[in-house]
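According to mature numbering (1 follows the signal peptide of the UniProt record, and there is no 0), the residues represented by the sequence shown are -21 to -1, 1 to 266, in order.
There could be a bad hint or two in this list.
[To be verified] Pairs of lysine-lysine, DSSO-like flavour, derived with a Cα cap of 27 Å:
1. Lys44 / Lys86
2. Lys149 / Lys124
3. Lys64 / Lys47
4. Lys199 / Lys226
[Unchecked claim] Here are the computed distance ranges between Cβ atoms for each label pair:
5. Asp58 / Lys232: 49 to 55 Å
6. Lys199 / Asp53: 15 to 21 Å
7. Lys66 / Tyr30: 15 to 21 Å
8. His264 / Lys78: 40 to 46 Å
9. Asn212 / Ser105: 29 to 35 Å
10. Gln233 / Ser192: 19 to 25 Å
11. Lys198 / Glu50: 44 to 50 Å
12. His264 / Gln98: 51 to 57 Å
To be clear, the hints were calculated from the coordinates, so they are not data collected in a lab. Beta carbons are placed, not taken as given, at the ideal position from N, Cα and C, and that holds for glycine.
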Amino acid sequence: MKKTLFILLMTVLFIVSGCNTADKVQQSDTKERIISLIPSNTEILYDLGVYKEIIGVSTVDDYPKQVKDKEKFDGMKLDYEAILKAKPTIVFAHQSMEKAQEKTLQKLRSKGIKVVVVQDANSFDSLYKSIEQIASVTHKEAEGKALIKDIKRQIQETAIKYKKDVQGKKVFLEISSHPDIYTGGNHTLMNDLLKQLGAVNIFSGIEGYQAVSTESIVKKNPDIIISTSGLSNAALIKEVKSRNGFKHVEAVKQNQIYAVDPDTVSRPGPRIAQGMETIAKAIAHEK
């Protein structure tokens, strides 16, 4: 009797244990299905090692190269039905689209989809917070800390390396070219980037991103003009030199006009350290 009871008990334990193991396997095999609606979020996700889970990205995503194979969604005009059809479990949105796309985002939430709105990164500190937020949602906290540590290391190394050649130089960072010339002032990532280098943003006195006049640029007389407008270097130099009054600007007189990759310089993602070095090289006249 005792032997029969023992065998029966062991059989039950084995079955229960087997069920628990099956449950664990099923849980571990369950992966998130992520849609990222802005390039900076996508780059952060990839650097955290979250790439197999990404099923869709924005129509303007271009990095890393693997994004070309992902389904595309217009981040400026969300297609609710298309997103729903893709069956995401998480949608990473951005502060810039929160108000305009509020109804669509709420509808997605009502369907049980986790909608994460990442705040605009207007400084390195806020960029680190964005990384921490995305890392937390995707359960990649350790990878997030490592990524932040690596970015900080690169920034420090660049600042030290170029300090002598960059310190105190007056810089005009141009986002878009004539006739609507825009730049970044206080509370922008570009301004913080220049500050970290020890350079002077000639428009640090304005708030956020604003249009500025050619007259105000001439008056502030920058030593360096750097543009993220997307123009080639030759086209930029020709365009800047044709502006009224710019022949008196020090940057023009010394041919210190540079076109740089807008994605690495202005996109608040893991490549910002690379963008910072690009800016430093331009200010230091290093090719």
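inquiry  = So if I understand the rule, the pair passes when the alpha-carbon distance is 27 Å or less; does Lys199 with Lys226 pass?
reply    = Within the cut-off at roughly 13 Å; holds.
Given pair status - Lys124, Lys149, alpha carbons within 27 Å = 34 Å, violated
task = May I ask you to test the hint 19 to 25 Å on the CB atoms belonging to Gln233 and Ser192?
result = 22 Å, holds
ask   = Per the hint of 15 to 21 Å, is the separation of the Cβ atoms of Lys66 and Tyr30 within bounds?
value = 18 Å, holds
key: Proposed proximity, Lys47 with Lys64 (alpha carbon, max 27 Å)   = 20 Å, holds
ask   = So the hint says 15 to 21 Å: do the beta-carbon atoms of Lys199 and Asp53 match that?
value = 38 Å, violated
Cβ separation of Asn212 and Ser105, checked against the hinted range 29 to 35 Å = 31 Å, holds
query = So does Asp58 sit 49 to 55 Å from Lys232, Cβ to Cβ?
reply = With a Cβ separation near 51 Å, Asp58 and Lys232 satisfy 49 to 55 Å, so the hint holds.
Given hint Lys86 paired with Lys44 - CA-CA distance at most 27 Å = Roughly 31 Å between the alpha carbons, so the hint for Lys44 and Lys86 is violated.
ask   = Taking 51 to 57 Å as the hint, is the beta-carbon distance of His264 and Gln98 inside that range?
value = Since the Cβ atoms of His264 and Gln98 sit about 36 Å apart, the hinted range of 51 to 57 Å is violated.
ask   = Within 40 to 46 Å or not, the Cβ separation of His264 and Lys78?
value = Distance hint for His264, Lys78 holds at roughly 43 Å.
query = Can the suggested window of 44 to 50 Å be confirmed for the beta-carbon pair Lys198 and Glu50?
reply = 49 Å, holds
In summary, the structure is inconsistent with hints 1, 2, 6 and 12 from the numbered list given earlier, while agreeing with the others.
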